[in-house]
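Residue numbers (numbering that gives the first Met the number 0), protein chains in the order written: chain A, 0 to 485; chain B, 0 to 659; chain C, 0 to 535; chain D, 0 to 102; chain E, 0 to 167.
The hints are simulated quantities; they were obtained by calculation from the structure and are not laboratory data.
From a predicted model like this one, the values you see are computed outputs, not experimental measurements.
Every residue gets a Cβ at the ideal spot worked out from N, C-alpha and C, and that includes glycine.
Please note that a few of the clues may not be correct.
What the hints assert, rightly or not - Derived, one-sided and incomplete: chain B residues facing chain C with beta-carbon distance under 7 Å:
{"no.": "1", "residue": "Val66"}
{"no.": "2", "residue": "Phe69"}
{"no.": "3", "residue": "Ile73"}
{"no.": "4", "residue": "Phe145"}
{"no.": "5", "residue": "Val146"}
{"no.": "6", "residue": "Leu565"}
{"no.": "7", "residue": "Asp608"}
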Amino acid sequence: MMPIPISPERIEDAYRVAPEIILCASGIFIMLLDPFLPAARKRICGWVAVIGAIGALASLWLVWQHRGPAYGGLIRADEFSIFIHGIVLTVAILAALGSMQYLDNERIQRGEYYSLLLFAAAGMGILGSAGELVTAFLGLEMSSISTYILAGFRRTSLKSNEASLKYFILGSFATAFFLYGIAMVYGATGTTTLARIQESLANSGPNLLEGLGIAMMFVGLGFKVVAAPFQVYAPDVYEGAPTPVTAVLASAPKAATFALMLRIFYTAFGSAGQLWFWVIWIAAVLSMCIGNFAALNQTNIKRMLAYSSIAHAGYILVAFAAASEIGAAAVLFYLAAYALMKLGAFLVVAQLGGPGERRLEIKDYAGLGTQQPVLAACFSLFLLSLLGLPATGGFLGKFYAFQAALDSRLVWLVVIAAINSVIGSYYYLRVIVSMYFWDPQKEFQPVAVTPGIGTALAIAAAGTIYLGIFPSRAMQFALLSALSLR
Amino acid sequence: MPKIADILWIIPLLPLAGAAVNGLLGKTWPNSRVNVVGIGSVSLAFLAVLELVREFFTQPMAQATIVKSFGPWILAAGFRADFGFWIDQLTIVMLLVVAGVGLLIHIYSTGYMAHEGGYYRFFCYLNLFMFFMLTLVMAGNLALMFVGWEGVGLCSYLLIGFYFLRKSAIDAGKKAFITTRIGDVGFTIGILLVFWTFNSVDFGPIFTKAAAMPVEGMGHVGTLTAIALLLFTGAIGKSAQLPLYVWLPDAMEGPTPVSALIHAATMVTAGVYMVARMHVIYSHALTAMLVVAIVGTITLFYSATISLVQTDIKKVLAYSTVSQLGYMFLGCGVGAYAAGIFHLMTHAFFKGLLFLAAGSVIHAMGGEQDMRKMGGLRTKIPVTYWTMFAATLAIAGAPLFSGYFSKEAILDAAKDGPNANLTLWIIGILGAMLTAFYMFRLLFLTFFGAPRYDEHKVHVHESPRNMLVPLVILAVLAVAGGWFALPTLVGGPDHFQNFLRPVFESGAMGSVASAESSAETSGSAGEHLVRALLAPGVIVALIGFFTAWWFYIRRPEAPKKLAQNLHGVYVLLLNKYWVDEIYLALIVRPLLWVSTNVLWHVVDEGVIDGAVNGSARAAREIGGEVRLIQSGNARSYASWVVIGAVCVAVLVLGVLGMVR
Amino acid sequence: MGTQPHLLTLVTFLPLLGVIAILFLNRQDHVWVRRVALATSLAEFVISLFLLAGFSAANPGFQLEEFHGWISVPPIHYHLGIDGISLFLVLLTTFLTPLSVLASWNSIETRTKEFFVALLVLETGLIGVFLALDLFLFFLFWEVMLLPMYFLIGIWGHGRRIYAALKFILYTMFGSILMLVAIVWLFNLTGSFDLSEIQARLATGVISSTRTELLLFGAFFLSFAIKVPLFPFHTWLPDAHTEAPTAGSVILAGVMLKLGTYGMLRFCLPLFPAASRRMAPVIAVLAIIGIIYGALVATVQPNLKRLVAYTSISHLGFVVLGIFAFNTISIEGSVYQMLNHGVSTGMLFLVVGMLYDRRHTFEIKEYGGLATSMPILSAFFLFACLSSLALPLLNGFVGEFLILIGVFARHPAWASWASTGSVLSAVYLLWAYQRVALGEITHEKNKSLPDASRRERIILATLSVIILFMGVASPLFTRRMESSANNVLHLMRRDVPVDARTAPAKPPISATRPLAAAAPLATIAAKTGGSSTRAR
Amino acid sequence: MTAVPTSYFVILSAILFGLGVVAFVFKRNIITIFMAIELMLNAVNLAFVAFDRALGGAHDGWVFVLFVIVVAAAEAAVGLAIVITISHNRQSLNVEDVDLLKF
Amino acid sequence: MTLPYLLFFTFAAIAVAGALLVIFMKHPIHSALALILVMVSLAVLYLLLGAEFIAAVQIIVYAGAIMVLFVIVIMLLNAGVEQRTNLSKMARFAGVPLGIFLTFALAFWLSHAALAKPPANALLPSTEDATRELSNLLFRTYLFPFEATSIVILIAILGALVLARRDS
């Protein structure tokens with residue numbers, strides 16, 4: 000075998016996947032570091048992970064400098080992928096920050112957690128920048144498998160096991176569909192590179208095989224973005240998984256997978272919009288309705304938030320159905336805002352849950368407004384943003400989504416979404432009710448807010464408000480990314 | 000010193016200031032200081048009025064009316080209502096009556112209320128009333144008139160309910176306010192119509208424009224008629240005509256001076272004043288005039304019948320007031336506005352006097368109002384008796400007494416005025432007879448015969464001087480108040496009506512009646528005198544007097560017999576035709592019932608809130624169902640994925656149109 | 000431009016400064032929290048008076064405008080402005096807030112800090128709504144303002160406060176979310192969020208079908224009607240009012256309800272004239288039903304505060320009626336009536352609150368004969384009632400009268416029906432007053448009640464003076480409203496070029512959103528979407 | 000001798016995939032459920048190889064197969080690890096017993 | 000009926016039968032063996048498709064390694080006969096039927112699918128070329144995914160470490 004020459008363009012390529020490289024490197028470094036750390040000092044791994052993620056985030060600048068396709072189009076380091084990376088990496092950083100305290104409480108402070116977190120992030124990064132289906136599939140698997148493990152990280156807890164199991168079997172089930180879809184597309188077009196698929200579709204209209212292909216792929220993708228009717232696993236998994244993991248699960252994979260969906264549906268299958276329009280439309284309506292209605296009666300906050308994330312998948316799909324650049328931009332913006340607020344919300348829950356995640360019921364939150372004003376305030380902020388109150392990122396997200404959809408004349412879809420968001424507001428408000436309007440219970444020992452989680456929450460909150468009041472930059476960049484799709 | 004005409008606002012504002020001072024500071028003051036403020040302000044106002052009168056007469060007759068505006072009050076787009084005043088002969092008359100009688104009654108009250116609690120409050124209200132009443136009569140536009148109109152209503156509410164611990168009193172007050180407000184709805188709409196018809200609510204433009212419009216003949220209901228009728232509904236409420244008179248008798252719950260001032264002399268006559276003020280419009284709407292006349296006539300007879308059998312001294316007077324107001328409207332209705340106003344004035348004198356005297360009687364009897372428990376007071380309280388006697392003669396229409404002239408003027412107009420109507424005239428005459436009867440009945444029951452009260456308990460005593468002085472003054476007026484018309488006895492002119500003629504001829508066109516139109520029908524002074532003294536009014540008055548004498552002096556037991564023989568009628572009258580009960584049963588109760596059991600409980604709580612909460616509940620139940628998807632069983636979940644996969648595939652291929 | 004460049008911004012956000020100050024205070028330090036709150040609100044009021052100075056009655060358009068870029072995509076501006084309509088509503092807000100701060104001086108013991116923070120935030124929100132001229136900005140304030148009120152009711156409210164709070168906010172949100180959709184839709188039609196620009200574009204007939212206009216109108220109107228509240232959408236109000244703390248009720252009734260009517264005046268009429276005209280009869284009927292219905296139901300309420308709440312429905316009915324009479328006089332009347340209702344109902348609620356502070360009940364039958372034990376308070380109570388039942392020379396009359404005049408011109412029957420309301424108002428108010436204040440004292444507890452304290456006397460006296468002043472000096476107000484009121488009607492006539500600073504009408508949507516122009520997928524979606532055809 | 004048409008292979012893969020799906024839904028034992036997944040992946044592989052031949056020339060399909068196999072291996076490792084934990088914590092391999100989280 | 004067809008149909012039949020056995024065998028071990036059967040027959044089919052390398056990998060890695068892992072785990076946990084509980088109505092009335100439907104539907108649809116052109120020449124490409132080409136693809140074109148797989152495996156190892164490790 001002749002050796003593989005290290006040519007300058009290989010270096011270029013390396014720049015373009017710099018974040019992944021950094022993430023994986025630091026992940027591996029943590030693995031190596033872990034054994035040498037005494038149980039008490041394991042937190043260091045956490046900080047390493049934070050630094051690694053920040054480094055990856057910083058390396059986005061490098062990517063920006065060397066925008067363009069890498070590895071012969073397998074990877075597309077464009078604005079779009081940068082945007083997604085931004086989201087994913089921020090989530091990774093905040094999650095790492097937010098997890099340390101939790102892991103200590105649960106006595107599962109271990110290096111693997113952080114390396115898995117980073118690998119997952121790397122996988123999502125690949126998802127975000129994949130220009131070719133099998134690469135995307137690998138990215139998907141990277142993120143999925145690591146999250147399967149993370150979900151089961153509290154090995155002693157039955158719920159955690161169950162979450163991990165359900166997530167795993169159903170996840171790989173769905174992935175199999177996705178893979179079969181890839182196979183069909185490959186069979187139909189003879190390629191798995193998005194760009195070429197686009198060409199061949201443009202030349203000859205979509206045929207049956209491609210139709211089946213995209214249908215099967217949607218099964219896998221819809222599963223990952225928690226779109227109905229593939230949302231089934233989400234509430235169980237989100238409830239069972241360790242809360243910081245849930246925070247990640249709810250925010251980052253959704254972003255990454257939606258990114259892939261955008262690339263596949265908008266770019267590759269852009270010319271065949273009518274193929275998937277109604278699928279998206281129906282999925283959107285179903286997700287919104289199922290998510291919101293089912294959440295109405297939830298007393299377990301973790302589970303309630305899980306349902307809410309189904310509903311939010313629906314809102315994002317509304318923007319997605321717009322099938323236009325602004326639609327794509329709206330999706331991206333929504334993903335950013337959503338990631339921040341959802342992550343924040345779950346981190347608060349993680350913090351308040353206390354050792355063994357005991358405090359999860361709404362009634363446990365009674366009177367929090369007086370006992371832990373800061374945490375309560377943060378939580379309310381995130382809830383209100385999820386609810387879509389103006390001056391929060393959530394509202395702008397909805398706003399752009401509605402705008403995009405209306406721009407494509409999807410009036411009724413928007414109306415349904417609007418009404419749904421009112422129905423939804425009920426359960427968010429109920430939490431606020433319990434936090435501020437109910438009298439606190441007698442035995443309540445406040446939980447300490449460590450610097451780590453403090454920073455995480457602060458950043459999330461600040462971000463939410465920033466996106467709510469000064470969305471311009473983000474939105475402009477989202478539009479840029481949307482343009483870079485085509 | 001500036002001319003009053005340039006600072007007209009001083010006249011109403013003086014009492015207002017008095018009210019304010021008393022109201023804010025009077026609480027802790029001794030009565031004397033309250034008097035100074037209360038009486039002082041009113042007497043100053045009265046002086047101002049006198050000065051105004053002087054100026055009015057000294058000015059060249061050319062601009063007979065003084066119209067002054069002191070800045071806008073309401074101002075919007077096309078609409079403008081000023082703090083504007085309108086002073087003409089009519090206003091002068093009203094001002095004199097209101098300020099004069101008002102002052103007297105203020106003085107009287109210092110005695111009558113001396114021992115009541117809330118003395119300062121009483122005078123505060125009283126002054127406030129003067130303010131609104133003066134505003135009402137001086138107002139230069141309908142809007143401002145409405146201010147006085149509503150304001151006096153408020154004061155009557157406050158004063159009737161002066162004894163606010165007594166439920167009957169506060170109920171009466173509320174009733175008065177609400178009932179009159181019902182009329183005011185019409186009045187308001189009337190104003191609106193006026194504005195959109197004449198593009199102004201100022202009298203000047205209204206009169207000129209209205210005068211220019213064609214007369215709307217009998218049976219033809221045009222804009223003017225509509226306006227006239229709408230405004231008249233206000234008058235019906237305010238001046239206690241059928242069917243809205245019900246509040247006035249109850250209003251007697253208030254202190255007697257109040258009854259005298261508000262519910263006899265001034266406020267209740269506001270309606271008459273308004274009609275006279277708006278005579279231009281009425282004269283152009285004959286149907287409306289007829290309606291006015293008819294309502295007045297029916298009322299005067301109807302309420303006279305009621306007062307035949309009342310035993311409460313003030314109730315008698317109350318119904319009599321309603322009846323007398325009926326006369327005034329009859330006068331206006333037949334176009335004899337001047338006569339109506341004339342009667343308004345004389346009525347102010349004698350009815351005010353009657354009430355004050357009655358008050359003095361009640362005062363003497365230690366609060367007793369039931370005439371059946373009086374009797375033989377003639378000797379014990381002579382001043383009261385004589386004054387009351389004079390007043391009774393006046394109201395009964397005994398020749399040369401004030402009431403005689405005014406009532407004759409009205410009846411003549413009804414007989415052979417331009418809008419004469421014989422039926423109305425006849426009823427009017429009958430009314431006169433009843434009036435004489437019940438008034439003398441009152442007099443006899445109260446002052447004659449043997450005392451029917453326990454002389455040991457009740458120590459009858461003449462009232463203090465500050466109560467008697469007003470009585471005497473009013474008595475003089477009650478006797479001489481009508482002598483402006485003295486010449487008519489000998490076919491001469493009626494100075495009062497001549498004085499008012501410019502006002503009522505400003506309506507430009509015909510139908511301005513004046514009672515002495517009869518006098519024009521020639522004949523020597525002697526004949527005139529005879530005809531005047533043997534006028535039907537006089538005769539029926541005599542009949543009334545004699546029946547009363549027969550029943551209550553000659554045969555004191557007769558009334559009972561009669562009551563037994565005509566039991567039905569008697570009970571009917573005694574219970575005032577059960578009108579209050581009917582209103583209660585037909586209007587008040589149903590309204591409350593509907594509001595509670597239909598609108599509130601059914602519509603509000605049942606339907607609307609039911610829908611709201613129902614949808615919320617429904618949502619939660621749906622939610623409960625939806626949750627069941629999450630059975631927790633991985634196989635079910637897988638099944639969902641499969642279902643999804645199949646659906647998506649079918650859908651996509653369906654869209655693709657390639658499902659063969 | 001006015002005397003002071005950033006006056007409006009200052010007026011809008013000054014309360015927030017107070018909020019920050021309060022946040023720095025120790026939560027136990029009730030006294031200073033109160034003082035700061037009072038100081039802030041007073042300062043706010045004083046500053047808001049400068050608006051009067053800077054305002055020129057002649058100019059029909061917006062004045063003291065502030066126009067800064069804010070969000071670039073889509074073009075959203077920080078655009079404030081004031082005209083004769085919003086001017087006095089702002090003043091009303093700044094006037095009532097200090098009073099409600101005073102009113103809550105002692106009655107709020109728990110979580111004082113949060114309370115006053117909420118109150119001040121609320122003030123900012125309200126003022127923002129009145130001043131915002133960018134639909135997005137407007138909506139932002141509109142929604143944000145809900146929250147503090149939600150907390151006011153929910154935390155410091157009475158018995159069923161949580162139910163009331165949720166009902167209040169959900170009801171309102173349901174309305175406003177559809178408005179949001181409509182706003183966005185408008186943007187897609189006109190390519191702008193700026194009120195005057197939208198106005199201009201619409202004038203060029205962007206909306207092709209009446210159906211679209213009706214839908215848009217409906218979306219806006221619904222949310223406003225719920226806020227007002229108009230007859231069938233009113234049931235949140237009695238609960239909210241009854242459960243809210245005094246200050247809450249005062250602001251709620253005094254200002255928040257006006258947002259609805261203000262919205263109709265500012266958006267429904269000028270933006271959708273045809274639809275407004277078309278729907279006017281229906282709305283008028285609803286308004287009249289509201290007037291009579293509210294009055295009748297109020298009459299039979301056993302709960303004093305609930306009674307007052309229902310009177311609001313009746314009074315606001317007048318306002319709506321006046322607005323939809325499309326007549327300068329009636330519109331001025333409506334605006335004036337908004338102020339009146341704010342002041343007099345505010346006063347009523349304050350009195351009721353003071354009674355509650357003493358007896359901790361709203362049940363009318365618990366009271367009776369208070370005039371004996373506390374004459375002063377009863378006197379003020381009576382005064383408030385009189386103003387509320389539109390006694391001439393008091394504020395209420397002017398507004399009602401103007402409305403009636405205007406409405407009469409459009410439809411005499413409406414005016415006639417509406418004017419029956421005046422009788423009913425007399426019925427329920429006087430009856431309530433009688434049962435509360437007059438007669439013998441029936442309950443032992445009422446014998447020894449303290450009369451109005453100095454603080455309370457100050458509050459009530461201030462209000463009384465204003466009531467009287469507005470009753471006799473109405474031209475001072477109406478003069479400044481006139482041109483703006485005219486302007487509304489002027490804008491309803493679509494044939495005219497609108498407002499000074501209107502950009503030369505850009506080519507419709509695409510220009511403002513370059514991307515949409517080059518969006519192949521959008522077209523597909525449009526082709527596929529059956530919804531698209533339905534949408535048009 | 001003529002080659003078997005690709006479509007035959009594709010149809011076979013379809014059948015295998017479908018059976019894999021059925022197996023997944025039908026089986027209760029967690030381990031066999033994993034086997035079902037493996038079955039599906041195998042079906043996919045078959046499809047890849049078949050298509051690859053149909054397209055002739057470049058053997059991308061083969062590469063994909065390799066990747067899939069690796070992933071399958073990884074999944075198997077993790078999955079079985081999860082199974083072991085589960086069966087430690089709750090003495091059952093029946094997937095239907097694992098329903099702590101629901102509604 | 001030429002040899003390829005014969006081979007195809009034989010092993011296709013075996014594969015399907017194996018798949019069915021996987022479903023119907025009650026004991027996991029039997030299912031596992033059935034699955035191995037499927038895989039082996041698939042390997043033969045790969046040969047038939049001219050992918051010797053893949054066939055080899057299939058046998059070695061899949062049947063050899065992965066399935067052995069399965070069997071070991073089954074032994075380790077000595078999983079007994081699977082009890083056919085029917086708690087899931089969904090699976091019974093929707094999942095399985097629709098699964099079967101999907102089987103036939105997919106087969107049907109794919110049988111109608113318009114495939115890319117049939118093989119240029121019936122002759123199978125010579126082994127070396129194919130393998131060299133494969134390696135080129137693997138280490139040049141698909142270098143990045145290839146590296147990614149290494150991470151995937153790493154993750155798998157970590158997973159095993161985290162989950163299956165006994166706590167001391």
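Violating hint indices (sorted, rising): 1, 2 and 6
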